[in-house]
Every structure is written in structure tokens, then in C-alpha cells.
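Protein chains in written order, with the numbering used here: chain L, 1 to 677; chain Z, 1 to 540.
Source of the hints: derived by calculation from the structure; they are not laboratory data. Incorrect hints may have been included.
What the hints assert, rightly or not - Simulated crosslink set (EDC-like; lysine to aspartate or glutamate; CA at most 16 angstroms straight-line): (1) K100/L with E170/L; (2) K495/Z with D270/Z; (3) K196/L with D147/L; (4) K495/Z with E500/L; (5) K100/L with D36/L; (6) K494/Z with D71/L; (7) K196/L with D132/L; (8) K494/Z with E478/L; (9) K495/Z with D502/L; (10) K444/L with E478/L; (11) K494/Z with D160/Z.
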Amino acid sequence: MTTTTDAPTRSPGESRGRQVSAGVFHPRQLLVSLPDALRKLHPRHQLRNPVVFVVWAGSILVTVFAAADPDVFTVAVAVWLWLTVLFAGLAEAVAEGRGKAQAESLRRTRGDAVARLTTGESVPGTALRVGDLVVVEAGEVIPGDGDVVEGIATVDESAITGESAPVIRESGGDRSAVTGGTAVLSDRIVVRITTKPGESFVDRMIGLVEGAQRQKTPNEVALTILLSTLTIVFLLAVVALQPFAIHSGGEQSVIVLTALLVCLIPTTIGALLSAIGIAGMDRLVQRNVLATSGRAVEAAGDVDTLLLDKTGTITWGNRRATEFVPVRGTSEEELARAARLSSLADGTPEGRSVVELCVRRYGLPAEPDEREKTGEFVPFTAQTRLSGIDLDGRRVRKGAASAFTLDADTRAVVDEISTRGGTPLVVAEDDRVLGVVRLSDVVKPGTRERFAELRAMGIRTVMVTGDNPLTARAIAAEAGVDDFLAEARPEDKMALIRREQDSGKLVAMTGDGTNDAPALAQSDVGVAMNTGTSAAKEAGNMVDLDSDPTKLIEIVEIGKQLLITRGALTTFSLANDLAKYFAILPAMFAGIHPQLDRLNVMRLDSPQSAILSAVIFNALIVVALVPLALRGVRYRPSSASALLRRNLLLYGVGGVITPFAGIWLIDLLVRLVPGIG
Amino acid sequence: MSSTAAGLLQVGVLVVALAVVHRPFGDHVARVYTGSEHTRIERAVYRVARVDPDSEQRWGTYARAVLGFSFVGVVLLFVLQRTQSVLPFDHGRGDVPTSTAFNTAISFVTNTNWQSYVPETVMGHTVQMVGLTVQNFVSGAVGMAVAVALVRGFTRSRADRLGNFWVDLTRGTLRVLLPVAFVFAIVLVASGVVMSLESGVDVDGHTVATAPVASQEAIKELGTNGGGVLNANSAHPFENPSGWTNLIEVFLILLIPVSLTRTFGTMVGDRRQGHVLLGVMGVLWTAVLGVIWAAEASGLRPLEGKELRFGIPSSALFANTTTATSTGAVNSMHDSFTGLGGGGTLLNMLFGEMTPGGVGTGLYSVLVMSVIAMFLAGLMVGRTPEYLGKKLGQREVTAAAVSILAMPALVLVGAGIAAVLPSTREALTNSGAHGLSEILYAYASASNNNGSAFAGITVTGDWFQASLAVCMAFGRFVPIVAVLCLAGSLAAQKKVPVTAGTLPTTGPLFATLLGGAIVLVAALTFVPALALGPIAEALL
């Protein structure tokens with residue numbers, strides 16, 4: 001198991017606020033996407049969405065009848081039905097449009113790089129084959145995805161990650177993968193091409209963000225079946241209504257029946273369904289995560305067990321000084337001063353953490369003063385295993401315990417720190433040992449709370465670490481994870497995943513090394529770090545461009561949010577029908593049975609205005625909900641019951657009430673239109 | 001005691017009796033379907049039928065067995081009726097006319113027991129005893145077998161078999177239905193129900209028809225069949241002589257549907273899963289009972305067709321129970337109910353017969369509805385939906401959707417065509433809203449395999465005989481095949497463990513959701529049609 005020490009160290013608790021959100025929605029996007037929406041009126045496109053297809057067919061039917069016998073009402077109904085279809089296309093176009101810009105900039109990076117093979121010949125990047133060896137030098141663009149097999153270089157990957165700081169790519173090890181389209185800034189590397197042109201990472205990214213290869217996910221298919229069933233039920237209910245109406249002596253016009261049908265079928269969710277799916281993917285892309293399929297995003301919402309690497313996810317990437325333990329009568333402050341002096345020139349994270357602790361706990365200055373600057377710094381070497389400073393004749397040193405001759409007392413302190421999972425650093429002045437600095441893993445702030453939330457969501461967290469069980473237990477307890485896997489080897493990780501899956505659980509993990517690849521492939525949601533090897537990236541079903549292992553938690557939330565948005569809007573859509581019945585049925589049948597006018601609780605002006613108002617509401621609600629579909633409904637980690645109660649209340653009860661108010665308000669305007677009534 | 005107090009007392013006694021009995025009885029039923037022992041009689045049956053009782057069937061085989069068995073049942077029953085004149089005890093009633101025989105054969109095999117004939121003048125005792133009564137038993141056992149197969153879908157993990165239909169059928173008949181029916185037939189004879197092979201008795205110069213009633217009366221209620229041996233069904237004093245027998249009959253109707261929720265809870269290893277289903281069924285049953293009772297008890301109305309022996313509470317109780325269980329037996333004429341009261345009985349059927357529904361059919365219908373409700377609920381909690389540890393994916397939702405879609409499609413299409421047929425006008429005694437209610441009621445009754453009639457409509461014409469038979473057949477077997485398909489794909493899955501992220505299906509939240517789904521689906525589908533029928537009547 002490798003660690004990702006170069007990952008941005010963002011703690012789980014502070015990761016971009018507590019709510020999963022995507023980019024802001026601008027009403028202007030509606031206008032920009034209009035041409036695309038118009039293109040979607042084509043029947044071939046319409047057939048992909050059964051609910052909207054029914055509206056589309058209804059619009060044609062009504063248009064034919066309106067053309068045959070036009071009056072204000074029929075023309076208005078026809079227009080609003082077409083608008084409903086248009087709005088559905090618009091929702092999808094807006095969702096897709098957000099990816100298009102990103103795809104465009106990616107496409108530019110792909111460009112037309114020329115590849116120089118090690119054999120000396122030059123071929124266009126598009127003619128590369130898997131296994132080709134290419135030489136890339138400073139200032140050149142890497143022509144295709146591959147692994148560095150020779151050399152080390154700094155690479156600018158901002159084209160795909162958006163991160164401006166260059167990264168180091170070197171042969172061997174877990175930082176060998178390079179991506180086509182990124183630029184080498186220094187040095188020279190030889191890259192073995194691992195993917196065919198057209199199937200490269202950037203190509204796949206373009207396909208994903210454009211939604212070109214979008215296939216319906218399993219859950220989307222299942223929901224579409226349910227929505228189609230409801231549509232059939234309503235189709236039957238409306239078609240059968242005509243004979244009942246004839247039997248009752250009040251035949252209805254095709255226009256009114258079509259209006260009723262369109263209002264009853266779940267148009268809202270039908271129109272927004274694909275936009276929700278695209279936006280879900282988009283939300284991942286916004287967080288610099290690329291999923292290879294929508295299926296993986298859905299699976300993320302179902303995850304039962306999270307395997308989290310200790311380093312970088314639960315603790316900071318490096319060990320930090322947490323305590324000064326003086327020995328043999330030295331005062332703590334004296335030890336701190338000496339430790340500070342020895343670390344002033346030590347640029348390692350451990351050295352910096354010693355100075356930070358001195359600053360924090362003893363108020364010592366962080367920077368060396370003029371006098372201290374005159375000292376002679378002794379750098380750390382593998383031979384001496386210590387570093388320090390020679391100042392005013394004092395020789396202050398800090399280093400591994402084995403670099404010093406220790407008395408029994410100090411030995412006891414050193415052993416105690418070691419067994420409790422810490423790393424002891426001995427500090428000495430002129431060969432006199434002053435004390436020991438305890439370096440230990442520091443759990444990132446907010447971690448415990450975050451895991452408690454995950455637990456409430458029903459997700460078990462397992463910390464994976466190479467530490468010994470004793471150390472692992474201490475950190476696991478401090479971080480509040482449910483379980484830990486100590487002295488973990490890749491095969492242990494694999495076995496754990498298998499065990500969890502055998503008991504029916506879905507497992508998510510992050511990984512970057514080649515030896516992580518089997519586990520990434522086995523897990524249900526495998527997030528590969530972009531810094532990792534191409535083997536890892538191939539094996540996982542998501543790639544995190546930021547290489548931030550804490551992202552896994554956000555990914556789970558995005559998966560859940562995607563499903564919740566679908567469920568909430570379906571509920572809303574169905575709940576809307578109640579008010580529409582109260583609007584349309586009295587309008588249709590009060591003529592036959594005057595007592596039915598008592599159901600006209602909104603006191604809508606006339607049958608025509610009532611029907612038209614319901615149709616207009618039905619169309620406008622689609623547009624009104626586009627931002628929600630794109631953003632996703634609010635998601636707060638909580639128990640399943642609490643979530644359901646909240647969403648039922650908000651979208652179920654809200655879905656009942658909203659259309660009553662909406663239709664009533666629209667009717668106030670519609671009744672003013674001359675010719676309606 | 002006032003009539004209301006007596007009515008409340010009756011309901012109270014009924015509820016207590018069911019509460020006490022459904023536990024041991026439901027557990028008994030669970031043991032019947034999970035035990036591996038065969039009785040000696042059962043072994044003999046399997047030997048004769050050449051069935052290996054220890055081999056199990058995949059869902060497709062199970063479904064074919066159900067369909068094959070039912071098809072043979074229809075043919076036998078049809079032939080029996082058409083050759084009645086050569087059978088003993090036909091009392092000169094002759095062969096049953098073809099269209100009636102066809103309709104009746106399907107009606108009894110599908111557990112509907114819609115009767116487009118007058119038994120006293122059409123059906124001889126042999127057809128009654130050898131044909132109709134046999135179907136009363138086995139059609140009930142078929143319903144239970146399908147329900148149990150679905151429950152096995154939930155309990156089994158990575159299994160491709162659902163059990164053996166022939167074993168489930170035999171055990172259901174011999175160990176559940178027969179013993180209880182036997183005991184209660186004797187109880188009913190002792191309480192004054194007629195049991196005679198004569199065609200009638202002479203009373204003051206009039207011949208009053210008699211029949212072997214008691215033996216069929218028990219299974220008519222217990223198997224939620226509802227087909228009367230006498231035309232007036234349980235309104236006839238020979239079938240239902242007293243308030244006491246009335247209560248016994250209501251109890252018998254509810255016994256198995258209520259107990260099966262216990263069987264379900266026991267089989268899935270969590271009794272609360274059964275309690276919540278029973279709770280939802282109970283609340284809806286009580287609510288509609290309240291509506292019918294209040295509607296019947298309020299206001300002035302003509303007494304034509306009203307049942308005066310038992311009074312309004314007992315009529316409401318019986319009418320509510322018989323329509324909520326796909327039984328269709330009646331102790332009063334629903335056509336003579338008020339608009340709202342009659343609408344209540346219609347609504348019970350349009351719920352899809354699951355409050356608590358017929359023997360077996362009630363349980364599997366409510367489970368299918370649970371699948372739909374949990375699909376939506378699962379989405380709203382951000383997980384791929386699951387119910388009882390099984391994921392609800394494409395296959396499961398499709399099967400559940402087909403199962404639910406069948407009934408509304410049949411009711412709406414059937415009633416829609418009937419409403420505009422010129423011949424319908426002549427078949428109806430009422431025009432306007434009530435006439436439409438009568439048509440709706442007939443198709444709702446047939447498609448839900450209920451079998452009660454709104455009367456007031458002559459259904460002996462060829463159109464009605466044929467279309468209602470089609471509704472009965474499809475209303476029965478389309479859901480059965482879909483439910484078995486659902487069971488098959490559930491059984492094939494491994495079980496998902498319960499975590500804090502799992503939505504519990506035992507609390508009031510799930511009960512609200514399920515109840516809401518039942519009401520919402522029925523309301524959304526049928527409100528337009530109901531607006532022109534019962535709603536228009538009720539608002540008058």
C-alpha cells in the first residue's frame with residue numbers, strides 16, 4: 001500500500017461545506033440551450049423518453065385538431081403542450097451544455113501532438129500503437145497515455161486537473177502514469193504508450209462530460225419502467241373516460257382529454273429524469289472526479305463499507321510533533337528551546353512540526369533571529385541519522401534514538417513512545433540527552449464527526465494502514481472508525497473486500513498503486529488517484545484528478561443525492577395530480593353533473609380557464625424545477641427514516657399543496673385572456 | 001341495545017377473535033408450507049398424481065403448473081355443467097347453457113365466483129358438490145401457494161427454486177382449508193344452515209328450494225370464494241339464518257387473509273413485518289367500514305333491497321368484508337346502498353383486493369404494492385431501493401408493474417367498451433350515474449376476482465358473459481404469473497444485510513407509505529371514472 005503524500009491535505013470535516021452542491025445555475029443557460037432543445041423535438045430523440053413522447057404525440061394530436069377548428073382555447077392548449085415538450089428538451093440541453101464547455105477545452109489540449117519514437121522516427125499522435133516508446137522533452141506535449149519507463153520530469157497537468165502546480169512523474173513506482181495532452185516542463189522522459197488513440201483518458205473524459213456515451217443506468221431504467229407503467233395507467237384512465245362521458249351524456253373533446261392526460265402522466269419527472277442523471281455526473285466532474293459509468297455513481301449511493309487509507313484520509317500525510325518528554329531533570333521549556341534550535345534549518349515536515357509545536361505551546365519565535373542565523377546548520381545524513389546546529393559553541397542535535405547513547409531513563413521513554421505507535425526523536429546538547437520529542441499521527445480535525453455521520457447513514461468505515469495493530473487501534477479509536485485493518489498488505493485488503501461483498505455489502509475504496517489494482521477492480525466503487533499508476537486507473541471505476549482520498553465520502557453523498565433527487569421529483573410529480581384532478585374534473589363534468597362543481601375548490605373561473613391553467617402549471621413546473629434537478633435536492637447525512645420523513649413531507653405534501661396555489665394563481669391571469677371561457 | 005351498539009359489539013368480538021386466532025393459525029400455516037414431512041394421505045395423492053414431492057420448481061415451472069392446473073379445472077367444470085342432465089341430483093335442471101357454463105367455469109376456477117345464473121333453477125347438486133365446491137377449495141389453495149412462493153422469494157438467497165406447486169396445493173387444501181371448513185360446516189349446520197339433497201320443501205303450497213348448503217357455506221367464506229348455493233347468497237335464511245351465523249361467516253372470510261400476514265412474518269423471521277401489513281390492511285378495512293356504515297345509517301332512503309334481518313351495521317360489516325377480501329358473498333344487495341356506501345364497496349375492490357384481500361391473493365397483492373412503495377421510498381433515502389433485503393431493480397419493478405397494471409387495464413377497458421355498447425342500455429335498470437356505477441362495479445368485481453354483483457344489471461348477454469370471463473381470467477392469472485416472476489428474481493438474489501442506512505419496513509412510516517400507495521394508485525387510476533359514477537351520486 002502506498003501513500004499519497006502529495007495529495008492536498010484537506011480534512012474530511014472541512015471539505016467544501018456540508019452540502020453537496022454543483023455550480024450555480026444561471027437562467028441565461030436556458031436561453032443558450034434553446035437551439036439544442038429545439039433539436040430534441042425530433043421524434044427519434046423523443047422515443048427515448050416514453051413519458052415525454054406521450055406529451056409530444058399529444059401535442060401533435062391537439063395541433064391537428066386546433067388547426068381544424070381554431071379558437072383561443074385550443075390554440076393556447078396546443079402551444080402550451082408544445083412548450084411542455086420543449087421545456088423537457090431544454091432541461092436536458094442545459095444539463096448537457098454544462099459539460100460541453102469543459103469538453104471543448106479538453107479537446108484543445110488533445111491537439112495534434114507529434115510523437116517521437118525512440119527509434120528516431122516521428123509519427124502523429126493519432127498513429128501511436130500500444131507499446132510504442134516515445135521520447136518527450138521539456139516543452140513538449142505528451143502524445144498519449146502511458147507509463148514513464150525512463151527518466152523523471154515535472155509535468156504540467158493543469159489541462160485535465162485544473163491544478164496549476166506541476167507534478168513529478170518518474171519511472172518505476174506508483175508515480176509513473178502520464179496522461180496524453182499534458183505538458184512536460186523539465187527534463188526528458190521515455191513513455192510507453194498504454195492506450196490506443198481515441199480511447200485515451202482525455203477522449204473518455206470528453207465523452208463523459210459531453211454525455212455522448214450516456215447510457216441509462218440500471219436505476220434509471222427501473223424508474224423509467226415505473227413511470228411508463230403509470231403513463232399507461234393514465235392513458236387507459238383517460239381513454240376509458242370518453243365512453244363513460246358518452247354514457248353519461250357529455251362527450252368530451254379530444255383537446256380536453258389530451259390536456260387531462262398530459263397533466264396526469266408524470267411529465268415533471270419524465271422531463272427532468274435525464275437532466276438529473278447528467279447533472280449527477282457533472283457534479284462529480286465539478287469535483288474533479290471522473291466516473292467511467294453512471295452505474296458507478298449510483299453504486300456509490302449504496303455503499304455499505306468504506307475502506308479508507310489512514311494516511312492522507314484520516315491522519316495528515318506526515319507524523320507531527322505532539323509532545324516534549326524531558327529527561328534527567330531538564331525542564332520542558334529547555335528541551336523545547338533545544339528542539340527548536342535543532343529544527344530551524346530542518347525543512348522536513350517532521351522538523352517543521354517541531355517548530356510549530358514550540359510556537360504553539362511555548363510562544364517561541366517561528367523564524368530564526370539574527371544571532372541564530374549565524375549558527376552553522378548540520379544537515380541530516382543517512383550516516384549520522386541526525387541533524388542540528390552549531391551555535392556559540394553549543395552543539396544541538398536531534399535524531400533517531402539509535403544515533404545516541406541512551407541511559408536507562410531515556411531508553412524507557414523512547415520504548416514507551418515506540419510501543420504506543422509514535423516515533424521518538426531524541427534531542428541532545430553537547431552529547432547530553434535533554435529529552436525526547438514524540439512524533440505521532442495526528443487525526444485531522446472533524447474526522448470523528450464525519451464518521452459519526454457516516455455511521456448514521458449506515459456506512460461502516462474501515463481504516464486501512466500498514467501500522468502495527470497497537471498503533472492502528474489507537475488511531476482508529478481516536479478517529480472513530482468502526483474497524484481497522486492493520487499491517488495491511490494488498491491481499492489482506494482484497495480478502496476484506498471479498499468478505500464484505502460475500503455478506504451482501506457494497507464496498508468503496510481508494511487506491512493508487514499497481515498493487516491496489518486488483519482490489520480496486522474487485523470493489524464496487526473503486527476510486528483511483530490520478531497520481532497513481534495507469535494500472536490502478538484502469539482498474540477503478542472512478543479517477544480522482546485531485547488525488548484526494550477524502551473525496552470518497554463526497555462521492556458517496558453525490559450518489560445518494562442523485563437517487564434522492566429522482567425519488568423526490570417522482571413523488572412531487574405524482575402528488576401534483578391531486579390538484580389537477582380538482583381543477584380538471586369539475587371543469588369537464590360539471591355540465592353533466594352540476595353537483596361536481598363542488599369539487600372546484602380553487603373556484604377556477606371557467607372550465608376552459610381551469611384546464612388551460614392546469615396545462616400551463618404543468619409546463620412551468622418543469623422549468624421551475626430545472627435548477628433543482630441540476631443542483632440536486634439538499635442532502636444531509638442522517639438515518640434512512642429521517643431522510644424519508646423529510647422528503648415525503650417536503651416533496652409529497654409540498655407536491656400536493658404547490659399546484660393548488662399555482663393553478664389558482666395562473667387562473668387569475670388566464671381568466672383575463674379574451675376568448676377563454 | 002341500540003343497533004349501533006350491537007354493531008360495535010359485533011365488530012369488537014370479531015376483532016378480538018381474529019387477534020387471538022390469527023397467531024396460532026398463521027404459525028400453523030407457516031409450518032404447513034415449510035415442513036418437510038408428508039402425511040400418508042398426501043403421499044398417496046402424490047403417488048396417484050405421479051409427483052415427486054421432494055423436487056422443487058423454478059418460477060417458470062411453478063407458473064406453468066398453476067396455469068395448467070387451472071386450465072384443466074376450467075375444462076372439467078365446463079364439461080360437468082354441460083353434461084348435468086345425465087348426472088344425479090340435477091332435479092331436472094338440464095344442461096347449463098354454454099355461455100353460462102363457460103363464464104361459471106372460469107369464475108369458480110379463478111376464485112371469483114361471479115354468478116350469472118340462478119343456482120336454484122340452473123345448478124344441480126352434483127355440479128355444486130363435485131364441481132363448484134372442489135374449485136372453492138383448490139382455487140383458494142392456488143392463491144395461498146402463489147403467496148407462499150412469493151414469500152419464499154424473499155426468504156431464499158441465491159436460489160433458483162420456489163418450492164413445488166403440487167405439494168403447496170395439496171398441503172393448502174388438506175391441512176389448511178379442509179379441516180377448518182369441516183369443523184365450521186358442522187358448526188353452521190348446528191346453527192341452522194340447511195344441508196339437503198332435496199330440490200326443495202313444500203311450505204304452505206310454495207316450494208322453497210333447498211340444497212347441500214352448509215358444506216359449501218363454510219368453504220365459500222373460508223376460501224374467500226363467495227359463490228352462493230342459493231341465489232340470495234348469504235342474505236338467504238338457509239345460508240345465513242341468524243346474527244350468530246352472520247358473524248361466523250364474516251370471521252371465516254377474514255380468517256385466512258388476516259392469518260397469512262402472521263405466516264409471512266413468521267416465514268421471513270421478523271413478525272413485525274407481518275404486523276405492519278396487517279396494520280395497514282386493518283386501518284383501510286376499518287376506514288371503509290366507517291364510510292359504508294355512516295353512509296347507510298344517515299339520511300332517508302328507500303328500503304328497497306335493504307337487509308332488514310341483520311340491520312345496517314351487520315350489512316355494512318358484511319359488505320365491507322366481502323368486497324375487501326375478494327369474496328363476493330353478500331348478505332344485502334349492494335346496489336341498494338347509498339351512493340357513498342356502494343362507492344365504498346367499489347373502492348375496496350379498486351384498491352386491488354388487499355385490505356386484507358383474498359386467500360393468498362391479498363398477501364401477494366400487498367407485497368407487490370410494498371415493492372412499489374419501497375422502490376420510491378428507497379430512492380428518497382438515496383439508496384438503490386430494497387425490500388426485505390432484496391434489491392428492487394429493473395426485473396422486480398417490471399414484474400410488480402405488470403402485476404398492478406392488469407386490474408386497472410381490465411376494469412377500464414372492459415367498462416369503457418360496455419358503457420358505449422347499445423345493448424348495455426337494455427341490460428341496466430338504472431341510467432345516469434348509478435347506471436355507470438353498476439357497469440364499473442361489474443368489471444371491478446370480475447377483474448379483482450371478487451364476484452359480488454351490484455345487481456341492477458343483467459349480465460346474461462353474450463358480451464357480458466364473455467368479457468367478464470376474460471376479465472376474471474386475466475385479472476387472476478396475469479398477476480399470478482408476474483408475482484411468480486417477481487418471486488423468481490427475488491429468490492435468485494443474495495440478501496442485502498440490514499444497516500442503519502436501510503429503511504425499516506416495520507414502523508408507522510412504512511405503514512403510512514404503503515397505505516398511501518394503495519390509496520394513491522387506486523385514486524389516481526379511478527377518480528375520473530368514479531367522478532361520473534359514485535362521486536356524482538354521493539354529491540347529489
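Here is how each hint holds up against the structure:
no. : hint               : result
1   : K100/L with E170/L : violated (33 angstroms)
2   : K495/Z with D270/Z : holds (15 angstroms)
3   : K196/L with D147/L : holds (13 angstroms)
4   : K495/Z with E500/L : holds (13 angstroms)
5   : K100/L with D36/L  : holds (12 angstroms)
6   : K494/Z with D71/L  : violated (60 angstroms)
7   : K196/L with D132/L : holds (10 angstroms)
8   : K494/Z with E478/L : violated (35 angstroms)
9   : K495/Z with D502/L : holds (10 angstroms)
10  : K444/L with E478/L : holds (10 angstroms)
11  : K494/Z with D160/Z : holds (11 angstroms)
The structure does not agree with the numbered hints 1, 6 and 8 stated previously, though it agrees with the rest.
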